[in-house]
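Q: Quick mapping for you: the protein sequence lines, in order, are chains A and B.
Once you know that position 212 of the first sequence is 212 in my numbering, the rest is easy, because the numbers rise by one and skip nothing.
Once you know that position 99 of the second sequence is 99 in my numbering, the rest is easy, because the numbers rise by one and skip nothing.
What the hints contain is simulated information worked out from the structure, not anything from laboratory work.
Watch out, some of these pointers could steer you wrong.
Capping the alpha-carbon separation at 27 Å, the derived lysine-lysine pairs in BS3-like fashion look like this [said to hold, decoys possible]:
#1 Lys8/B <-> Lys379/A
#2 Lys213/B <-> Lys379/A
#3 Lys386/A <-> Lys213/B
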Amino acid sequence: MLRRDRTRLWIVVVVVVAALAYSWPIKGKINLGLDLEGGAHIVLQAKETDGNPLGDDGLDRLVAILRNRVDQYGVTEPIIQKSGEDRVIIDLPGVQDPSAALDLIGKTALLEFREVLDISESPPPVPVRGNYDNDEQFVRAQERWNAAVENAKNAGTRFAERAKDIEGAIVSSGEDEGASRFFLLSNTLVAGKDLKDAYANFDQWGQMGVSISFNDEGAQAFEEATGRLVARRLAIVLDGVTISAPQVQGRIAGGNAQITGRFSQEEATRLSIMLKAGALPVNVEVAENRSVGPSLGADSIRQGIQAGLIGAGLVFVFMLIYYRFNGLAADIALMVTILLVFTGLIAFNATLTLPGIAGIILTIGMAVDGNVLIYERIKEERRAGKTPLAALDAGFRKALVTILDSNITTLIAAVVLFYFGTGSVRGFGVTLSIGLVASVFSNVVVTRAILQLVMGSKQHALKQS
Amino acid sequence: MTFDRKFKFMERRVPAMMLSLVLVLGSLGLVAFKGLNLGIDFTGGNVVQVEFDKRPDVGEVREVVSSVVAAEAIIQDFGDKGIIIRTHEDTEESRGAVVEALQGRYTDVSVIGFEKVGPVVGQELRNQAFWGLMAALVAILIYITVRFQFRFAVVSVIPLIHDAVLALGFFSLTWMEISSSFIAAILTIVGYSLNNTIIILDRIRENWKDLGKQGIVDLVNLSITQTLSRTLNTTLTTLFPVLALCVWGGPVLAAFSYAMLMGIIVGTYSSIFVATGMIVEWWLRRPEGGK
Numbered sequence: 001m002l003r004r005d006r007t008r009l010w011i012v013v014v015v016v017v018a019a020l021a022y023s024w025p026i027k028g029k030i031n032l033g034l035d036l037e038g039g040a041h042i043v044l045q046a047k048e049t050d051g052n053p054l055g056d057d058g059l060d061r062l063v064a065i066l067r068n069r070v071d072q073y074g075v076t077e078p079i080i081q082k083s084g085e086d087r088v089i090i091d092l093p094g095v096q097d098p099s100a101a102l103d104l105i106g107k108t109a110l111l112e113f114r115e116v117l118d119i120s121e122s123p124p125p126v127p128v129r130g131n132y133d134n135d136e137q138f139v140r141a142q143e144r145w146n147a148a149v150e151n152a153k154n155a156g157t158r159f160a161e162r163a164k165d166i167e168g169a170i171v172s173s174g175e176d177e178g179a180s181r182f183f184l185l186s187n188t189l190v191a192g193k194d195l196k197d198a199y200a201n202f203d204q205w206g207q208m209g210v211s212i213s214f215n216d217e218g219a220q221a222f223e224e225a226t227g228r229l230v231a232r233r234l235a236i237v238l239d240g241v242t243i244s245a246p247q248v249q250g251r252i253a254g255g256n257a258q259i260t261g262r263f264s265q266e267e268a269t270r271l272s273i274m275l276k277a278g279a280l281p282v283n284v285e286v287a288e289n290r291s292v293g294p295s296l297g298a299d300s301i302r303q304g305i306q307a308g309l310i311g312a313g314l315v316f317v318f319m320l321i322y323y324r325f326n327g328l329a330a331d332i333a334l335m336v337t338i339l340l341v342f343t344g345l346i347a348f349n350a351t352l353t354l355p356g357i358a359g360i361i362l363t364i365g366m367a368v369d370g371n372v373l374i375y376e377r378i379k380e381e382r383r384a385g386k387t388p389l390a391a392l393d394a395g396f397r398k399a400l401v402t403i404l405d406s407n408i409t410t411l412i413a414a415v416v417l418f419y420f421g422t423g424s425v426r427g428f429g430v431t432l433s434i435g436l437v438a439s440v441f442s443n444v445v446v447t448r449a450i451l452q453l454v455m456g457s458k459q460h461a462l463k464q465s
Numbered sequence: 001m002t003f004d005r006k007f008k009f010m011e012r013r014v015p016a017m018m019l020s021l022v023l024v025l026g027s028l029g030l031v032a033f034k035g036l037n038l039g040i041d042f043t044g045g046n047v048v049q050v051e052f053d054k055r056p057d058v059g060e061v062r063e064v065v066s067s068v069v070a071a072e073a074i075i076q077d078f079g080d081k082g083i084i085i086r087t088h089e090d091t092e093e094s095r096g097a098v099v100e101a102l103q104g105r106y107t108d109v110s111v112i113g114f115e116k117v118g119p120v121v122g123q124e125l126r127n128q129a130f131w132g133l134m135a136a137l138v139a140i141l142i143y144i145t146v147r148f149q150f151r152f153a154v155v156s157v158i159p160l161i162h163d164a165v166l167a168l169g170f171f172s173l174t175w176m177e178i179s180s181s182f183i184a185a186i187l188t189i190v191g192y193s194l195n196n197t198i199i200i201l202d203r204i205r206e207n208w209k210d211l212g213k214q215g216i217v218d219l220v221n222l223s224i225t226q227t228l229s230r231t232l233n234t235t236l237t238t239l240f241p242v243l244a245l246c247v248w249g250g251p252v253l254a255a256f257s258y259a260m261l262m263g264i265i266v267g268t269y270s271s272i273f274v275a276t277g278m279i280v281e282w283w284l285r286r287p288e289g290g291k
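Only chain A is shown next, with the shape it has when bound in the complex (with noise of 0.2 Å):
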């Protein structure tokens, strides 16, 4: 065996076992599409209001308001993002009831200002092993934290039955403790609505703050709530969610209003971007909403697979019967070109949709295209009368450049589908391109080392006998 072939045998050992290694188990590693795993895909269209322009961060608070909104409702792993200048595409996989979804989603983010009348106390940090002597001790700080946390819910639970009282009194939960910290708030003091402007900044000692001013209106309102509230504190609401609740200083006239704190700068732009989404009524339109219940992408994925294995079959077959030894290395190639296709999808991160399915299929028969390439050139060459061997080389020398050009075209096509594409077609562009590169490198590199392989381990016998 030539240096050559070996190395090509090494890499292709190398490369088989780091693509097993790397993709099993499979199960869970592949993005399903929504199509496939069940969920909503909604797209929305933000429209522009009477003085409320979109702008640049409208659309970013449009995302901030939509993610509260959907933290709420308990969505794992949704996808929230701006899509081109004016929309915002929403992945809520797994959700059975996208009208409910989008019920939650469409409405009008309510920002409000409302007195805190009692504030349950703060739950403790979570007790960390490394910060006890010993096991005991840990043992009984997590007793102790778990006692905090219950009695933390049995604050919520108290703070609901006094807002039986109170007229217009709410029991809201805190945003960063989860739901552990409870506030018990009065009616709406000065409502979003009169909310102008919301941006952070600096503050005259150098700390980081949020600005907010107000209309006529919510001045007014400010002013005479800040006035009767001071040294106590004022908290903001988004949506029944206390995201801050800052202690009033003194009277606050002009409708001007800073709020300070031990922010940094990450949290004082959150902030000022919730507030301004609150202030902000951004109408929002459903351009798209679709929703696959999680039976029918089963069904798919199962039909999918059904129908890979029998093309896959007949495609191995028809090798066998036709190119007989030869037609068992395109075989282990295309075995190898699936492996690395799922690899592929893996380490791209790529998401499998139903038409990426249907793009893996098609990969499977045209995957063995380079390889009855490169076996009608070694059967011309015979003819021409070349040795075997030298046939093999010439064959594959030839074929490469017709396989490279054949190749590099469709990639084209696949790359061009990709950048065009959206959604599901774009999953099938991914799916393509994998699959086209994944292929020339098995009927190149892995046909040629089993086919070396076994044709030199002949010849090396012819020479023995």
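Chain B: place on chain A using the hints.
A: Using the frame of chain A, we list chain B on its own:
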């Protein structure tokens, strides 16, 4: 090296090209006069997929649905227990009304999926599809011009347009729905057909040095013959999975599968006759300028 066997494809180039012309014109005619069954991805509207324990008659469902929608809805069987309802109204309310009407009439109905697309999205998708195809064609033209020569680039792109038009004609004829995955299907057909064409052109380029000795007709015939078993084998191996997809792939992929099936057949034909026929005609008329 020459073969004893050499099929006389190019002697039939004129009838083949006439056939192609008729098919292309027929397809364009169908699209122009009969139109295309554009899915809601393109037109905007609502699709509701429902499943029943015991599926009622489609006509009965139509009555229930037509009481709540203005324009006529399209009602189709789907799988064993399912029904697909398409309406032209693209509002959430309209969809809600359809679902409510069904739930009011049947107790065993469950919504297993729906799609709602606004008209703007459809418009954008149409633009995307068009520009996507254009960009792909231009990129391919450039690549082939660099790798081969301009003449080859032009004749390899024409079968693609030929195939895409025939695919459209096929969809118009069968009135199958054109959804967003149809764009993927068309581009795959284009990719497949191109693959075939390039392999034959590659061989023509390789044999080009014997042009003076053989003449263009024989040279092309020889090149097609030399690659013929490859063409047929690859067509078969690609046909197997696509057939499996048609038979077992399930209703959701049905339109996609049939488009692919048709594309493979047309794509194989066009790469044998159309691109090669054009290169022969072109050469016979204006031999100068080529390499």
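Q: Look at each hint and say if it fits the structure.
A: Going down the list of hints, with the structure as the test:
The suggested pairing of Lys8/B with Lys379/A holds, with an alpha-carbon distance near 22 Å, which does not exceed 27 Å. At most 27 Å may separate the alpha-carbon atoms for a hinted pair to count; Lys213/B and Lys379/A meet this at roughly 25 Å. At most 27 Å may separate the alpha-carbon atoms for a hinted pair to count; Lys386/A and Lys213/B meet this at roughly 25 Å.
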